[in-house]
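Chemist: As a plain string of letters, each chain reads:
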Amino acid sequence: MNFSRRDLLNTIGYGVGGMALEHLLHGAVVNPLAPKKPHFAPKAKSVIFMFMEGGPSQMDLFDPKPALMKHNGKPLPTEFTKDLKLAFTKPNAAALASPRTFKKCGQSGLEISDYLPGLREVADELCVVRSMHTDAVNHHPGQLMLFTGSIQFGRPTAGAWVTYGLGSESQNLPGFVALSSGAGTSGGASNFMSGFMPSTYQGTIFRNSGDPILYLSNPDGISKATQRTSLDAIKELNEERLRVNGDPEIASRIASYELAYRMQMSAPELLDFSNESQETLEMYGIGKEPTNQFGTNALLARRLVERGVRFVLMMDASWDTHTNLNKKLKEKCDATDKGSSALIKDLKRRGLLDETLVVWGGEFGRTPICEIRNTSDPDNAGRDHHPTGYSMWLAGGGIKGGQTIGETDELGFTITRDKVHVHDLQATMLHCLGMDHLKLTYRHMGRDYRLTDLGGNVVQAMLR
Amino acid sequence: MQTNGLRVDDGAALVAGGYSGAAVVAGKPAESKLLARLRSSEKGHMMPPAGPRLTAAEIATVEKWIAGGAKVPTSTAKGPARRESSHWSFQPVKKPAVPAGANAIDYFVGERLKKEGLAPSAEADRRTLARRVKLDLVGLAPTPEEVEAFVNDKRPDAYERMVDGYLVSPHYGERWARPWLDLARYADSDGYEKDNVRPHAWRYRQWVIDALNNDMGFDRFTIAQIAGDLLPGATMEDRVATGFHRNVLTNREAGVDRAEARYEQLINRTQTLGTTWLGLTVGCAQCHDHKYDPFSQREFYQLYAFFNEADDVDIDAPMAGERGPYLKALPGYRRERAKLLAEYKIPEYQARWEEKMRAAYANPGKDAEFDFWITSMSAMVDHAMRMLHKKPAERTEREADILADYFMGNPGPEFGRDKELTAKLKDLRGKMAELKKTMPFLTQAYAMGVNPDHPKTHITIRGDYKALGIEVQPGTPAVLPPMETKAGEPSRLAFAKWLASRENPLTPRVTVNRAWQEFFGRGIVRTSEDFGATGEKPTHPELLDYLTAEFMDNGWSFKKLHKSIVMSATYRQSSKYRPDAAEKDADNTLLSRQSRLRLPAELIRDTALQVAGILNMEVGGKSVMPFLPKGVGELAYGGSKWKETFGKEAYRRGLYIHYQRTTPYPLLVNFDAPDSNMACSRRRPSNGPLQALNLLNDPVFIEASQAFALRAMETKAATGERIESMFTLALGRAPSETERQTLARYVDKQTDVLRTEGKQGELLTQAAWSGVARVLFNLDEFINRE
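Those protein sequence lines, which keep their order, are chains A and B. So the first sequence is numbered by our numbering: it starts at 35 and just counts up by one. So the second sequence is numbered by our numbering: it starts at 347 and just counts up by one.
Fair warning: there could be bad hints in the mix.
[Stated by the list, open to error] Listed next, the in silico EDC-like pairs over lysine to aspartate or glutamate satisfying Cα-Cα at most 16 angstroms (straight line):
1) A/Lys124 - B/Asp713
2) A/Lys119 - B/Asp810
3) B/Lys906 - B/Glu849
4) B/Lys922 - A/Glu274
5) B/Lys1105 - A/Asp254
6) B/Lys1095 - A/Glu270
7) A/Lys124 - B/Glu715
8) B/Lys1095 - A/Asp266
9) A/Lys119 - B/Asp603
10) A/Lys258 - B/Asp1098
11) A/Lys119 - B/Glu606
12) B/Lys1105 - B/Asp1094
13) A/Lys124 - B/Asp603
14) B/Lys812 - A/Asp117
15) B/Lys637 - A/Asp482
16) B/Lys976 - A/Asp245
17) A/Lys108 - B/Asp713
18) B/Lys922 - A/Glu273
19) A/Lys258 - B/Glu1103
Read the hints as simulated data drawn from the structure, not as lab findings.
Only chain A is shown next, with the shape it has when bound in the complex:
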């Protein structure tokens, strides 16, 4: 599946001359992001990954641990803590029970925290995985693991893999779009890069202010009309050069300029929410604080997949609650719960949920034990990073909602049933998209790489 434009043109035998030129300029072959067939019939066509950067606290949101109450404030028996891998806290730190209340929601009785009233309403759509585990205990390595399948640098991210494997349905938008809310993320751009794959597959960041895509708007003083006249001249001169020199890369350059122009033309329509109903805007919490930013991104995500974008990464920072857990977690939930639940409802009523895989979660979870950086302030209590048993949820395309997968021990330290490694999650995501994670490979430095590195099993229980 690895091909360069030049290779492709050569293999299909385009020489130079008028006829070939016509094909080069108008045929679908000039688009390296043209849709490609999956390995088998897919359930989902696109992915919206809500990345809750920093590590949301699972026992305060999806995995209640009432047994922590009886240990609250005291160190835990060593049998629970002996294998702990922690960033800051020492294993003898005191247990920290959650003050949250949980309710069995919907038909399925899925347990969701009082901090997430919106998600409680869509409980029957969610498949909560309580048995996630990962190899990294720090943010940046954890994010590399989640998105590239390896803590080493330089690999392509999940969005790049999916775009490489399936191309894009959109003729005038990038195949892989990244959106951000909250603060900057630890991984920065490495969460949506294409690594050793061509940059064609990297995520295009849609910005929160100014141009949605960097350099999308014409600069000051350049109108639509002057832009078009200039683009026409560029095209004519490039075509002339192609005629004289014959390098097929020139044809590809001409096509890139046309796509760029179409992006310029279609982006305003994409961003224009005026045809969305008031009810929809309210449902996403758009125009109100603290929900506006995340809600806007969530609605944008829906509009992007509607227009054929393959992979939307919504990054929301930061859920890294080392201190002031109750306050900070509430702030994050208040800002995002409305948007994430509205997205599920909205996709569903438009019949898009079945073909859109929605994933929610962070690079790891948080410890059942207390991290305290200021002993004189009891509200300062927080939780450390916890890679060996945390929760994420999936919904939509190919996923069986209203169920929990896996189980952690009564205090939430380790997984006691149905472990799901990050590689398993990745394999399952690809499976929903109709791809076999063992077959989706890319050759680099003499080796066939996979998103799932050397691991990964499709978690059948998640699937419909």
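For chain A, the structure is supplied; the task is to place chain B on it using the hints.
Modeler: Leaving out everything else, chain B in the frame of chain A:
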């Protein structure tokens, strides 16, 4: 079959065990891993891993044998000192014969073309050649005067004279530093979450530019970067060269385990070495014996051991003119600093604080607050614990300053809650900052030294830094000629010399191939990062060996190598696409023509600024941060670290643009510059809409078009003449009639549109000609060298 270093077909080897240690403990069946494995039924643990299990009786026999002392007959399998391999790249370099008077490059390329029934292309026209050779040698566009001078130079050696001129240009070092910096994964920040700025990283880049401009032999160039600090009588520049290894990422995320972070850095250094000098994907052997190349996991850690024995050291590395004023001001500064510290009783406070820190370090889990402070300081300050545990009298001045500065800025728990102290420290920090301002600047460099802890190297099992296997000593792969060691010579220095010796066939071949790649768009070995079994074979093996031998004979001189390549007729061919040749040789691997090459990201900006007349041509120095649109830097953790550079400095060459690893300058990303995390042996030019948007709308190109228009309007000229002169400035050739007409129509149309938009007079003219400049910068030809 042998994995993880364990042999079971030889008694002595079996008893000795594999990478995880002994498999058999004589007399103690219960402690023998072999037995546990034979009895196991757990997948991934049991032995044999597949096929029929041993019977209970067979296992009992093994148990009896171990209990009885595990006696084996004398070993028959002695590991050969030199492993044999028939793989082409491991064979010695042999200089093939070339007919007298023939140009070797043209001879070998020509012979191969003849075999395929292909004729080479004609020489490119002089204007194309002038642009090609200048872009390739110095990374700049030729001025119309340079082009015309060459076109009109009728002397037979006109071309050679032009080439020689560029080879001595100070911009040669800038052009050739870039591919080397790609390998060195050069950046101006730490990477990872914190991604702190490295204000002195550029000092290493400076060394590279200077070395290339001085045509330092590649053997010397190698030795300096691997072990410059260990050279007898090492100079400051030799030490600066070792900054190569300091370009590795540093994870300063507060919760990071320092041992793990260092392990990751050493792995990266070993992989970088493999890619850069050996052209081998040694990284595969981090976790297991290499699947395809004769390269074991043990050998990976033997290479790793060279770096494990080294340590990060920051040094003073003043540029010319800095040291004098600095030394003059130093005594006064030290006096003032000591006075301030004493006045605020810092030594007393700090001593108590250090006590607390050391106590927390010794008793983890006792004091959660100080535990956190230990973790945090260890992440932020290199060698923090080592310094903290030195007696104050034994600390160097640099170490003492670092500790005192850290305490003043980060007093941490308990001390941080002391309101009086907090106020005093705030006051003191202000005064210290003022005092530092009076000190003349002294450039620093990130270098390497000897690790005072002399850590031992162990193989790590499956790449888990905590799972230590057997200990290994520094050493080179057995498939390559052995390393000579002189008594008393540090092993890293011996290794550096071995790496760049005539006997090692990989280093010079890999290096010559990479130079070739820069001139033709692909190496003689296309996979320039992989000369192993999974890499591609050379298209012209004899040519590669000929050039490699010549390279070494010529004192490993890059300039001589580059000259020999650009002087060849093969290089000088037209790059015009040939359908006839494409049928037989789609990728032009046989070189029946030159290739059109997309300019690297940096050169696209450089040439636009140059043509516009606003490029700052100053060579060397610090990195700059040209205008960055809002929202780019902000994507990083902790907000933007970009402090915009204004004025002339903002128009320096792309090589000098600050590289912030988590949020790189967009032009670099869009035009395929590497991410600076791993050694990059070749860039992969892509072609997409974001490149179009970047060239069309990035303010730097808008500024350049405006400047270019103003430059063109300085002289009065008719429309046609002005089009001709701008076109020639941008592309090094005059427009064809069709091109001239297209642009003339464009000027008319654009003027009409602009007029309807209300522009008039001088502004209208400027806008129209800026439009022409913008069109020219966006042409495929402008961002390619033909």
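Chemist: B/Lys906 and B/Glu849 were given as a pair; does the straight-line alpha-carbon distance stay at or below 16 angstroms?
Modeler: violated, 21 angstroms
Chemist: Take a quick look at whether A/Lys119 and B/Glu606 sit within 16 angstroms of each other, Cα to Cα.
Modeler: holds, 12 angstroms
Chemist: For the pair supplied as a hint, B/Lys976 and A/Asp245, confirm whether the alpha-carbon distance does not exceed 16 angstroms.
Modeler: Within the cut-off at roughly 10 angstroms; holds.
Chemist: Are the Cα positions of A/Lys124 and B/Asp713 separated by 16 angstroms at most?
Modeler: holds, 10 angstroms
Chemist: Is B/Lys922 close enough to A/Glu274, meaning Cα to Cα at most 16 angstroms?
Modeler: Answer holds: B/Lys922 to A/Glu274 is near 14 angstroms, not above 16 angstroms.
Chemist: Check whether the Cα positions of B/Lys1095 and A/Glu270 lie no farther apart than 16 angstroms.
Modeler: Distance of about 14 angstroms is within 16 angstroms: holds.
Chemist: Between B/Lys1105 and B/Asp1094, does the CA-CA distance stay at or below 16 angstroms?
Modeler: holds, 14 angstroms
Chemist: When you check the alpha-carbon spacing of B/Lys812 and A/Asp117, does it fall within 16 angstroms?
Modeler: Between B/Lys812 and A/Asp117 the Cα gap is close to 13 angstroms, so the pair holds against 16 angstroms.
Chemist: Please verify whether B/Lys922 and A/Glu273 have alpha carbons no more than 16 angstroms apart.
Modeler: holds, 15 angstroms
Chemist: Hey, A/Lys258 versus B/Asp1098, does the alpha-carbon distance stay inside 16 angstroms?
Modeler: Distance ~14 angstroms between A/Lys258 and B/Asp1098 Cα, so the pair holds.
Chemist: Within a Cα-Cα threshold of 16 angstroms, do A/Lys124 and B/Asp603 meet the stated pairing?
Modeler: Within the cut-off at roughly 13 angstroms; holds.
Chemist: Is the Cα-Cα distance between B/Lys637 and A/Asp482 16 angstroms or less?
Modeler: Roughly 12 angstroms between the alpha carbons, so the hint for B/Lys637 and A/Asp482 holds.
Going through the hint list in order, the structure does not satisfy hint 3, though it satisfies all others.
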